[in-house]
Every structure is written in C-alpha cells, then in structure tokens.
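Sequences and hints are given; from them, build the entire structure.
There are 2 protein chains.
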Amino acid sequence: MRKGLGILGRLQKTPKWKKVEFDEIEYKAHTVKEILTEMKNISELIIDLAYSVIIFKDQEIAEEVKYLETRMDYLNYEIRMMAMLAARTREDAEQLTGILQIAEAAETISNAAGDIANLVDIGKGKADILPKVLKKADEKIFRIKISPKSSACNKLIGDLAVESETGMHIIAIRRGEFWIYDPGAETMLKAEDTLIVRGTEDGFDELKLFLTGKRRTLE
Amino acid sequence: MRKGLGILGRLQKTPKWKKVEFDEIEYKAHTVKEILTEMKNISELIIDLAYSVIIFKDQEIAEEVKYLETRMDYLNYEIRMMAMLAARTREDAEQLTGILQIAEAAETISNAAGDIANLVDIGKGKADILPKVLKKADEKIFRIKISPKSSACNKLIGDLAVESETGMHIIAIRRGEFWIYDPGAETMLKAEDTLIVRGTEDGFDELKLFLTGKRRTLE
Numbered sequence: 098m099r100k101g102l103g104i105l106g107r108l109q110k111t112p113k114w115k116k117v118e119f120d121e122i123e124y125k126a127h128t129v130k131e132i133l134t135e136m137k138n139i140s141e142l143i144i145d146l147a148y149s150v151i152i153f154k155d156q157e158i159a160e161e162v163k164y165l166e167t168r169m170d171y172l173n174y175e176i177r178m179m180a181m182l183a184a185r186t187r188e189d190a191e192q193l194t195g196i197l198q199i200a201e202a203a204e205t206i207s208n209a210a211g212d213i214a215n216l217v218d219i220g221k222g223k224a225d226i227l228p229k230v231l232k233k234a235d236e237k238i239f240r241i242k243i244s245p246k247s248s249a250c251n252k253l254i255g256d257l258a259v260e261s262e263t264g265m266h267i268i269a270i271r272r273g274e275f276w277i278y279d280p281g282a283e284t285m286l287k288a289e290d291t292l293i294v295r296g297t298e299d300g301f302d303e304l305k306l307f308l309t310g311k312r313r314t315l316e
Numbered sequence: 098m099r100k101g102l103g104i105l106g107r108l109q110k111t112p113k114w115k116k117v118e119f120d121e122i123e124y125k126a127h128t129v130k131e132i133l134t135e136m137k138n139i140s141e142l143i144i145d146l147a148y149s150v151i152i153f154k155d156q157e158i159a160e161e162v163k164y165l166e167t168r169m170d171y172l173n174y175e176i177r178m179m180a181m182l183a184a185r186t187r188e189d190a191e192q193l194t195g196i197l198q199i200a201e202a203a204e205t206i207s208n209a210a211g212d213i214a215n216l217v218d219i220g221k222g223k224a225d226i227l228p229k230v231l232k233k234a235d236e237k238i239f240r241i242k243i244s245p246k247s248s249a250c251n252k253l254i255g256d257l258a259v260e261s262e263t264g265m266h267i268i269a270i271r272r273g274e275f276w277i278y279d280p281g282a283e284t285m286l287k288a289e290d291t292l293i294v295r296g297t298e299d300g301f302d303e304l305k306l307f308l309t310g311k312r313r314t315l316e
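Protein chains in written order, with this note's numbering: chain A, 98 to 316; chain B, 98 to 316.
Honestly, the hints are just simulated from the structure, not real lab data. Some hints could be false.
Identical copies go unnamed one by one, so any copy, or any two together, can satisfy a pair.
The list that follows gives simulated cross-link-like pairs (lysine-lysine, PhoX-like), each with its CA atoms no further than 25 Å apart [stated by the list, open to error]:
| no. | residue 1 | residue 2 |
| --- | --- | --- |
| 1 | K242 | K252 |
| 2 | K130 | K229 |
| 3 | K154 | K130 |
| 4 | K311 | K287 |
| 5 | K130 | K232 |
| 6 | K311 | K237 |
| 7 | K252 | K311 |
| 8 | K237 | K163 |
| 9 | K154 | K229 |
| 10 | K130 | K237 |
| 11 | K237 | K287 |
| 12 | K232 | K154 |
| 13 | K311 | K246 |
| 14 | K305 | K232 |
| 15 | K246 | K287 |
Shown next, in the form of structure tokens:
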C-alpha cells in the first residue's frame, strides 16, 4: 500500500492522510492486528513448551521453542517497521506506542522462555535437579507429525473427538511455516501437520497409532 | 532447620553436610520445590490474565495481576535466600544456579506481564486501540467470589460438572493468600474462594447465579 515511498516522502504527504485503520495496514502480507495476535499467542504457548523442555529434557520440543523464539524476533522487527510507516499524527503515534509496548513485552517473555529451555543444553551440573524439582503429575507435552496414511487427514478435531477418546489436548499445530496456536473443534487436520499435544504417555501412545496410520480409528 | 546459623558458621561446617535433598529444604514453611513450582505456575497464569486486562479494560483482573506480580517478587527473594543457605558444595551451587536461572526467567515473565497489564492505566491515548487489535472470539476471563450461601461450597469441581454445564473453565482459585493454579475435578470449592474463570458472558451469567447462591443447581 505504501511500498517504495521513503519515510521523507511519506512525511511530506502526512497532512493529507487520514487516521490509520489498523486492520487495514498491510506490509508483507500481514496486518498489525495479525502480528500482535500472533505475538500474544506465541508468548502464551512458548512458556508451557519451555518448562516442558527442562522437565522432560525434551530436545524435540526444544526445537519448537527455538523456532518460536526466532519467529517472535522476526515479528517484533516487522511490527516496528509497520508502526514507523503507519504513524501520521501524534495520536497515531501514541496508539502505536501502546502496541509496540505489548510487542516488546511479548518478546521479553519469549526470550525468558528461551532462557529456560536453553538450560537443557548446559549438561549435567545445572540441569539435573530441574526435572525432579518441577515434575508434577504424569502429564507431558509431545510432538507428533500426521502421516499422509492416517485417517485423521482432512478431518475436524471435533469430529475425531481426540480429547474425549484419548485424553490428549492439542495445544498447537505447526503446518510448515504456519502455526495454529489455539486449535478448536472446527480446526481441520492435514497430512504433515506437526501437532503439539499435552497428556499422558498412554494417551499419546494411542493417538500416535492413529496419527501414524497404524490404526484406522481412535475408538 | 538452619535458623540462627550465620553463613560463616555454615561454611565452616560444610564438609560434614551431605548433598542437599531439595525436597526437604525448609525455610519459612516452604520448600525449594514448592516455590519454584509456584513461580512456574504464576508465570503461566499471569500472561493470560495480563492480556485479558488490556483486551477487556478489566480492573478486577488487573488487581489479580498486581497481586501475582508482588507474590512473584517475594518468591524470588525467598528462593535466593534458600539457595544461598543451602549450597554446601560446588556441585550444590551448580544445581542451585540452574534453579535460580529458572526463577529469574519466571520473574522476568511476570514483570513483562505486569507491563502489559499496566497499559490499561495509561488512559485514552495508548490503550484505546488495544482491545480492538487483540480481541478475538467471545471468550473472556472473569473473577467471581463464592458466596457462603451457594450450594457450590464444599463440592468438588468434577461433581458439579462446571465446565460441561456452563462452558466455563476454572483456570485458578485464590483462597485468601493461597492460590490454586491448576484446579481439577478433585479440587473442592470453598466459601469465599475467588475463582478466575474463562468463557462466554452467557456461561458466566449462569455460573454467577449458582455461585452467588441465587440458583441451587447448575442444570
């Protein structure tokens, strides 16, 4: 919408621009609303994942934490760029400052979660006591990819009744570069989706048979 | 267990002490395990609450965020004291350093959540756009206190089937100074408990009638 227009050019044009509609700002196919929502979602998810990494010394989930941390850095850069390009009046700038403060806090949270997850790498000395101190109950976070052979492909989570059949709660889905942070009954599962699920070992074993195509139904 | 014994006295005694069992360290009626677990729980809960504060301009939930932030400061102080008093060998110190890094990260998270929630106070300019940008669906976080007249008192959450009857999920309970961060089916509700619940306005209205004693059952 404003590509190729330098900031000086933009500033000269300022008086003619109207108050910014945040829903409509586009910059690399994102809106401010989309980016801030994704930053919020990441900051909520990454903490659970980070603790799970150190409690279960889980290198797979550690990879997802690193992925999310990198994504958060990118989004924070992106949203600052957008804010600078979007501010036209003093009022705009004030509103955008509020948005950038949330973004900053979300990135701080994600970095702190990254620090927690990194403790898994420092080897024997520091990290050994942590699972013992933090472990509770028998719930764990698992990661699993849906096989194209599974009959879960192209089904809705609600129709499969994943949670009532296995006790496993799907907390996020990664589809290539794209994340679904809070999947619900209406979310469709696709072949090659990576699911992040929470529950017991037993529940996971059942779900795994189904998602790898070794069993046709969950019942 | 070690009250009144100065650090120098403690250091002189070091060689005779055995490796610390973290589950057993007591200091003001807490164990390291309890404190770190509570810090982990707070860091997970406070983020959801903080976003809810700015999305719904909710001063009630803002109070709970402040309460949790203060509690986190206290716990971080407490756990540092305990770590210093507990370290006897180089190995102890290394393990305890890992624990303090988690504690530090948990407090960083809580402070960032506090920064988010504080944006609700800065008035018109900055905060007005935030609900519009972050609001999604129709779910909200509510706070409600159980009346001694309610038939919910001394009942288990599972027996009341709160979630299946109203769609409201109880995410935390404050009982005076004491918090229950992840209540389950086996958690008993008490008169004067403050519940933090997530769900729709309609579900909350129903639950409210029950918890204030205006309706005898949830069905």
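Is it within, between, both, or neither for K237 and K163, if the alpha carbons may be no more than 25 Å apart? For K237 and K163, only the intra-copy Cα distance (19 Å) is at most 25 Å; the inter-copy one is 30 Å.
K130 and K229: within-copy, between-copy, both or neither at 25 Å Cα: between (41 Å within a copy, 8 Å between copies)
At 25 Å max between alpha carbons, let me know whether K232 reaches K154 within a copy, between copies, both or neither. Answer is within: at 11 Å inside a copy they meet the 25 Å cutoff, but 35 Å across does not.
How would you classify K252 and K311 at a CA-CA limit of 25 Å: within, between, both, or neither? Close inside one copy (17 Å), not across copies (42 Å); limit 25 Å.
Using 25 Å as the alpha carbon limit, work out where K311 and K287 are close: within a copy, between copies, both or neither. within (17 Å within a copy, 47 Å between copies)
Checking K311 and K237: alpha-carbon separation at most 25 Å within a copy, between copies, both or neither? The answer is within: 22 Å in one copy meets 25 Å, while 40 Å across copies does not.
One pair to classify: K311 and K246, alpha carbons no more than 25 Å apart. Within, between, both, or neither? Only inside one copy: K311 and K246 sit 8 Å apart there, 53 Å across copies, limit 25 Å.
How do K305 and K232 come out at 25 Å by Cα distance, when the copy is not named: within, between, both, or neither? So K305 and K232 pass the 25 Å test inside one copy only (23 Å; across, 35 Å).
Please sort K246 with K287 into within, between, both or neither, judging by C-alpha distance up to 25 Å. within (11 Å within a copy, 50 Å between copies)
At most 25 Å between CA atoms: does that hold for K130 and K237 within a copy, between copies, both, or neither? This pair counts as between: shortest inter-copy Cα distance 18 Å, intra-copy 32 Å.
Regarding K154 and K229, is the shortest C-alpha distance of 25 Å or less found within a copy, between copies, in both, or in neither? within (11 Å within a copy, 39 Å between copies)
Intra- versus inter-copy proximity for K130 and K154 (alpha-carbon distance at most 25 Å): Between. Shortest inter-copy distance 18 Å satisfies the 25 Å Cα cut-off; intra-copy 35 Å does not.
Going through the hint list in order, the structure satisfies each hint without exception.
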